[in-house]
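**Q** Whenever a hint applies, use it, and build me the whole structure from the sequences.
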Amino acid sequence: MGGGIIGGEMSAEPRPAVPRHTPLPQAQTAVEDLQHAHRELLRVVDSLSPEDWERPVPYGEWTVKDLVAHVIGDMSPSGPGLILAGVLTPEFIADNSKGFDVRARNRAMVEERRRYTRDDLRQLLFETHDAMIGAALRLDEKHLPLPRPGARG
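For what it's worth, numbering that gives the first Met the number 0 labels the leading residue of the sequence shown as 0, then goes sequentially.
Read the hints as simulated data drawn from the structure, not as lab findings.
Beta carbons are placed, not taken as given, at the ideal position from N, Cα and C, and that holds for glycine.
Take these hints with a grain of salt, some might be off.
Here are the simulated SDA-like pairs of lysine to any residue, each with C-alpha atoms no more than 25 Å apart in a straight line [claimed, not checked]:
hint	residue 1	residue 2
1	Lys97	Ile82
2	Lys141	Asp32
3	Lys141	Leu87
4	Lys97	Gly78
5	Lys141	Pro24
6	Lys97	Gly80
7	Lys97	Leu83
8	Lys141	Ala29
Restraint ranges, calculated between C-beta atoms of paired labels, are given here [stated by the list, open to error]:
hint	residue 1	residue 2	range
9	Arg113	Tyr58	15 to 23 Å
10	Ser48	Asp139	37 to 45 Å
11	Asn95	Pro49	34 to 42 Å
12	Arg38	Val101	22 to 30 Å
13	Glu31	Tyr58	27 to 35 Å
14	Ser96	His35	27 to 35 Å
15	Arg113	Asp45	14 to 22 Å
16	Thr116	Glu60	16 to 24 Å
17	Leu81	Arg113	20 to 28 Å
18	Ala130	Thr28	14 to 22 Å
19	Val86	Leu47	28 to 36 Å
20	Arg54	Leu81	31 to 39 Å
21	Glu140	Trp61	34 to 42 Å
22	Lys141	Asn105	28 to 36 Å
**A** Pasting the structure below:
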């Protein structure tokens, strides 16, 4: 591959994560499921012809390429990454849920990635999955339970 804005070599098989501690059993189980699902998603993405990438999806105004761009965003370190950074707090959730427009965010993310090549999007899909898996495997007992807004303890 090459010629894209990301560049680099990759395979359909995710790199094995090597945790430096014992991950949460819940995280380990989720990671196993996610790794299987991600391998299958990469196989589908790799099987797409250039024409397939431009084909509209049966709902909305997106193409298959737009849908792949959207899935990349959903596979960012998101929840696990925010927990590790100490950002995902009950207050953060409550404050952001008031004015956060997920549809506008999705539109902006997809629009930004329309200039990316197919190889760029595939590489991002691969890398963001690894980042999310790595973050999930770094979660441990000190990260749970995450208090719920309004919960009394």
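**Q** If a hint holds in the structure, say so; if it doesn't, say that too.
**A** Now for the hints, and whether the structure bears them out:
{"no.": "1", "hint": "Lys97 to Ile82", "verdict": "holds, 20 Å"}
{"no.": "2", "hint": "Lys141 to Asp32", "verdict": "holds, 23 Å"}
{"no.": "3", "hint": "Lys141 to Leu87", "verdict": "holds, 14 Å"}
{"no.": "4", "hint": "Lys97 to Gly78", "verdict": "holds, 18 Å"}
{"no.": "5", "hint": "Lys141 to Pro24", "verdict": "holds, 13 Å"}
{"no.": "6", "hint": "Lys97 to Gly80", "verdict": "holds, 21 Å"}
{"no.": "7", "hint": "Lys97 to Leu83", "verdict": "holds, 23 Å"}
{"no.": "8", "hint": "Lys141 to Ala29", "verdict": "holds, 18 Å"}
{"no.": "9", "hint": "Arg113 to Tyr58: 15 to 23 Å", "verdict": "holds, 18 Å"}
{"no.": "10", "hint": "Ser48 to Asp139: 37 to 45 Å", "verdict": "holds, 44 Å"}
{"no.": "11", "hint": "Asn95 to Pro49: 34 to 42 Å", "verdict": "holds, 38 Å"}
{"no.": "12", "hint": "Arg38 to Val101: 22 to 30 Å", "verdict": "holds, 27 Å"}
{"no.": "13", "hint": "Glu31 to Tyr58: 27 to 35 Å", "verdict": "holds, 30 Å"}
{"no.": "14", "hint": "Ser96 to His35: 27 to 35 Å", "verdict": "holds, 31 Å"}
{"no.": "15", "hint": "Arg113 to Asp45: 14 to 22 Å", "verdict": "holds, 21 Å"}
{"no.": "16", "hint": "Thr116 to Glu60: 16 to 24 Å", "verdict": "holds, 21 Å"}
{"no.": "17", "hint": "Leu81 to Arg113: 20 to 28 Å", "verdict": "holds, 26 Å"}
{"no.": "18", "hint": "Ala130 to Thr28: 14 to 22 Å", "verdict": "holds, 19 Å"}
{"no.": "19", "hint": "Val86 to Leu47: 28 to 36 Å", "verdict": "holds, 35 Å"}
{"no.": "20", "hint": "Arg54 to Leu81: 31 to 39 Å", "verdict": "holds, 34 Å"}
{"no.": "21", "hint": "Glu140 to Trp61: 34 to 42 Å", "verdict": "holds, 40 Å"}
{"no.": "22", "hint": "Lys141 to Asn105: 28 to 36 Å", "verdict": "holds, 32 Å"}
The structure agrees with every numbered hint stated previously.
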